[in-house]
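A.B. asks: Numbering follows this note's numbering, with no gaps: position 56 of the sequence shown is 831.
Since the hints were made in silico from the structure, they are not lab data. Yeah, the Cβ is synthetic: ideal placement off N, Cα and C, and Gly gets one too. Treat each hint with caution, since some may be false.
Here are the computed lysine to aspartate or glutamate pairs in the EDC-like style, where the Cα-Cα straight-line distance is at most 20 Å [unchecked claim]:
id, residue 1, residue 2
1, LYS886, GLU845
2, LYS886, ASP955
3, LYS886, ASP930
Computed spacing ranges between beta-carbons, pair by pair [to be verified]:
id, residue 1, residue 2, range
4, GLY904, GLU791, 48 to 58 Å
5, ASP884, PRO785, 30 to 40 Å
6, PRO824, GLU881, 36 to 46 Å
7, VAL863, ALA835, 39 to 49 Å
8, GLN782, ALA835, 41 to 51 Å
9, ALA899, PRO785, 36 to 46 Å
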Amino acid sequence: MGSSYHQFCPVAKAMELLDERWTLLIVRELVTGSQHFNQLRRGLPRMSPALLSRRLHQLARAGVVERRTEDGHVRYVLTEAGRELRPVVEALGAWGTRWIGELGDEDLDPKLLLWDMHRNVDHAAVPAGRTVIYFRFPGAPAGLRDWWLTITGGDADVCDADPGHPVDVTVTAGLRALVDVWRGELTWDDTLRTGEVRLAGPEPLRRALPTWFTLPPFAAIPRPAHRLPARP
């Protein structure tokens, strides 16, 4: 746990645990359904495994997370205290959506984008059988430009190497443009019309692809006319 603020205020006492770097983002991942270490790593791709392990230990010691071992696999599950943080995470996300509009290039992470997209697939809308979507981000750094999303039945998997299956639809996009679609700043139609996102494949699949994903709840939050200025 971080150093004490030495205040009896309950906000101060809560922040002694939660304001350490990455801690609340780990809670975000647990709230959205991640339970295994590798799942948490994929939702927090820029966090080192050692620090993730340390933060999980701190959360478990504080009674926010319970570490369970079942059939040789470790799961991290929110306790009652941890589950009560869901509205806190949701409120912070809503506030950030409304008031923090500026994204730097360093904030644009294709790993996180594809991971979030994979857990928001509308499986009822995707064709039966296996569907493979190839995402190309030509402007992204080398090694982060090519991604494959394989959807089979009720499952979806993200790969950064060709899984070897035929591709049904190719999405070629500016990373910022697709992130803006995902955040609700732009629509699929906006970016398709400008060419910032391009789809290749059979026409019925191209037309249907935007319906295969359910945008995160934050995307629908109304934005004020004027947002907070970008940080220097």
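A.B. asks: Each hint: holds or not?
C.D. replies: Structure-based check of all given hints:
no., hint, verdict
1, LYS886 - GLU845, "28 Å, violated"
2, LYS886 - ASP955, "15 Å, holds"
3, LYS886 - ASP930, "18 Å, holds"
4, GLY904 - GLU791: 48 to 58 Å, "51 Å, holds"
5, ASP884 - PRO785: 30 to 40 Å, "34 Å, holds"
6, PRO824 - GLU881: 36 to 46 Å, "21 Å, violated"
7, VAL863 - ALA835: 39 to 49 Å, "19 Å, violated"
8, GLN782 - ALA835: 41 to 51 Å, "25 Å, violated"
9, ALA899 - PRO785: 36 to 46 Å, "43 Å, holds"
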